[in-house]
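Could you build all of it, start to finish, from the sequences and the hints given here?
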Amino acid sequence: MSTLKDLAKFGLYSPEQEHDSCGVGVVANIKGVKSHQIVSEGIQVLINLGHRGACGRDPETGDGSGVLIQMPDSFFRIECASLGITLPPLDEYGVGMVFLPPQEDAQAKCEALIEKVIVDEGLVLLGWRDVPTDPTKLGKDARAVCPKMRQVFIGRGSAVERPVQIERKLYVVRKVIEHALEDCGLTDKE
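In this note's numbering, the protein residues as written are 3 to 192.
Where hints are given, some of them may not hold.
[What the hints assert, rightly or not] Straight-line C-alpha distance at most 20 Å; calculated SDA-like pairs for lysine to any residue:
id : residue 1 : residue 2
1  : K171      : P91
2  : K118      : Q153
3  : K177      : L127
4  : K150      : P103
5  : K171      : E94
6  : K111      : M151
7  : K150      : V97
8  : K118      : G34
9  : K111      : V121
10 : K139      : K33
11 : K150      : E94
12 : K139      : E62
13 : K33       : D93
14 : K150      : W130
15 : K111      : D93
16 : K111      : L48
17 : K139      : P91
18 : K118      : G159
19 : K139      : H38
20 : K33       : L92
21 : K177      : A161
[What the hints assert, rightly or not] Distance ranges between label pairs, derived from CB positions:
id : residue 1 : residue 2 : range
22 : N50       : P91       : 34 to 40 Å
23 : N50       : E106      : 37 to 43 Å
24 : V26       : G124      : 31 to 37 Å
25 : G34       : R164      : 18 to 24 Å
26 : L92       : D185      : 18 to 24 Å
27 : G124      : Q46       : 39 to 45 Å
28 : V41       : T135      : 14 to 20 Å
29 : A114      : C148      : 20 to 26 Å
It should be emphasised that the hints constitute simulated quantities derived from the structure, not laboratory data. Each residue gets a CB set at the ideal place from its N, CA and C atoms; glycine is no exception.
And the structure:
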């Protein structure tokens, strides 16, 4: 009997990258074509993996799940226009999904730190958007620690000469923010 590691490299499969990924499903169009069907099938994968979700004493609180999609530029343009945020071309901005502490003073401290790092790294803060949420769908335990969810829109600025470099720069900004937040003195409860 042969194992996956015994198989020759074929297509996108690489035996060197083989490892366990409990509860992971992938739905994609190999040519990168966007479609609602892909999102619908991705949601169905999550439903089918419901039996894999870990939960503790509160059976309504699992360990989380999500769907990663391409940047929904058209959607963001409509949302941002209603907030007075002007977005540059698609390849000249990024969006950060930010999970903030529930306390308003801690939120303000985190946002100020994030904004400072963005500017210090030579990028442009375009604005913030509150992510609509429905905490009534959460279990009691999850609701008690639910973060405030916001999106930060970041333009490429002078630090990025070519649009193709923005993803790399955004990764650096993310890492600087993560380290700065660890050092800023917020407690775990914040």
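To see whether the hints hold, each was checked on the structure:
1. Simply put, K171 and P91 have alpha-carbon atoms about 17 Å apart, close enough for the 20 Å limit, and the pair holds.
2. Taking the CA atoms of K118 and Q153, the gap is about 16 Å. The hint holds against a cut of 20 Å.
3. Among the hinted pairs, K177 with L127 is consistent with the structure: their alpha-carbon atoms are about 17 Å apart, no more than 20 Å.
4. Simply put, K150 and P103 have alpha-carbon atoms about 6 Å apart, close enough for the 20 Å limit, and the pair holds.
5. Simply put, K171 and E94 have alpha-carbon atoms about 11 Å apart, close enough for the 20 Å limit, and the pair holds.
6. Only pairs whose Cα atoms come within 20 Å are accepted, and K111 paired with M151 is accepted, the gap being roughly 15 Å.
7. Using a Cα cut-off of 20 Å, the hinted pair K150 and V97 holds, with the two alpha carbons roughly 16 Å apart.
8. Between the alpha carbons of K118 and G34 the distance comes to roughly 35 Å, so the proposed pair goes past 20 Å and is violated.
9. About 16 Å separates the Cα atoms of K111 and V121, which keeps this hinted pair within 20 Å; it holds.
10. In summary, the hint linking K139 to K33 is not supported, as the alpha carbons are separated by about 35 Å, beyond the 20 Å threshold.
11. Distance restraint check for K150 and E94: the Cα-Cα separation of roughly 26 Å exceeds the 20 Å cut-off, and the hinted pair is therefore not satisfied.
12. Between K139 and E62 the alpha-carbon distance is near 9 Å, which keeps this suggested pair within the 20 Å criterion.
13. Our distance criterion of 20 Å between C-alpha atoms is met by K33 and D93, whose separation comes to about 19 Å.
14. For a cut-off of 20 Å, the pair hint linking K150 to W130 stands: about 12 Å separates their Cα positions.
15. Note on K111 and D93: the hinted pairing is violated, with a Cα-Cα distance of about 29 Å set against a maximum of 20 Å.
16. Taking the CA atoms of K111 and L48, the gap is near 35 Å; set against the 20 Å cutoff, the hint is violated.
17. Taking the CA atoms of K139 and P91, the gap is about 35 Å. The hint is violated against a cut of 20 Å.
18. Between the alpha carbons of K118 and G159 the distance comes to roughly 14 Å, so the proposed pair stays at or under 20 Å and holds.
19. Annotation: proposed proximity of K139 to H38 is violated, straight-line Cα distance about 24 Å (limit 20 Å).
20. Of the supplied pair hints, the one linking K33 and L92 holds, its CA atoms being roughly 19 Å apart against a limit of 20 Å.
21. Only pairs whose Cα atoms come within 20 Å are accepted, and K177 paired with A161 is accepted, the gap being roughly 16 Å.
22. Against the hinted window of 34 to 40 Å, the Cβ-Cβ separation of N50 and P91 comes to about 37 Å, which satisfies the hint.
23. Taking 37 to 43 Å as the suggested C-beta distance range, the pair N50 and E106 conforms, at roughly 39 Å.
24. The supplied range of 31 to 37 Å is met by V26 and G124, whose beta-carbon atoms lie about 36 Å from each other.
25. G34 and R164 have their C-beta atoms about 20 Å apart, which keeps the hinted 18 to 24 Å range intact.
26. Remark: the range hint 18 to 24 Å for L92 to D185 is contradicted by a beta-carbon distance near 34 Å.
27. For the pair G124 and Q46, the beta carbons lie near 42 Å from each other, so the given range of 39 to 45 Å is met.
28. At roughly 19 Å, the beta carbons of V41 and T135 sit within the given window of 14 to 20 Å.
29. In this structure, A114 and C148 meet the distance hint of 20 to 26 Å, their C-beta atoms being roughly 22 Å apart.
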